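Using the sequences provided together with the hints, build the complete structure.
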Amino acid sequence: MLELPGAWGYDALVDNRMPPELSLALRAKARAANARMVLLRRPGRQESGGGVCYLAHTGPRRSWLERLRLASPEDLLDVDLTHFDEGEPAQAGRIDRRPLYLVCTNGRRDPCCAERGRQVAARLAEALGDRVWECTHIG
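The sequence shown begins at 3 in our numbering and counts up one residue at a time.
Treat the hints as calculated values from the structure; they're not laboratory data.
Predicted, not measured: the structure shown is a model, and the values here were computed from it.
Glycine residues also receive a C-beta, built at the ideal position from the N, C-alpha and C atoms.
No incorrect hints appear here.
With beta-carbon atoms standing in for the labels, derived distance ranges:
id, residue 1, residue 2, range
1, PRO22, ASP82, 18 to 26 Å
2, ARG19, GLU117, 18 to 26 Å
3, ASP82, ARG38, 15 to 23 Å
4, GLY131, ARG71, 13 to 21 Å
In structure tokens:
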């Protein structure tokens, strides 16, 4: 999950403010690790200070959330995800044991998500603060 404020299109990982070649490289990296890339932004589109990235694994034997700070999205290309599919953290950040709350707000993918999701994210953020993120479509 990579923080990327701004508008997202229908295919959010490609239709965003990143250069297309970077978007495609990040998608390929995620696929090679048998992972899914999700974009994040703060509710109300406020900035968080930038560079937040979470790697998450949820599996029957092991679940974890690793928080990283990146100078730029390109830095994610240098993170070693060799053992990600085996449930091993990248050890590029710190394990975060607190839950995250993700709310899809990608209206280009599903109009309902923009219409209702932004309100839900704003209300949750009032109660739960920085643990709440707007995200791209998650299914």
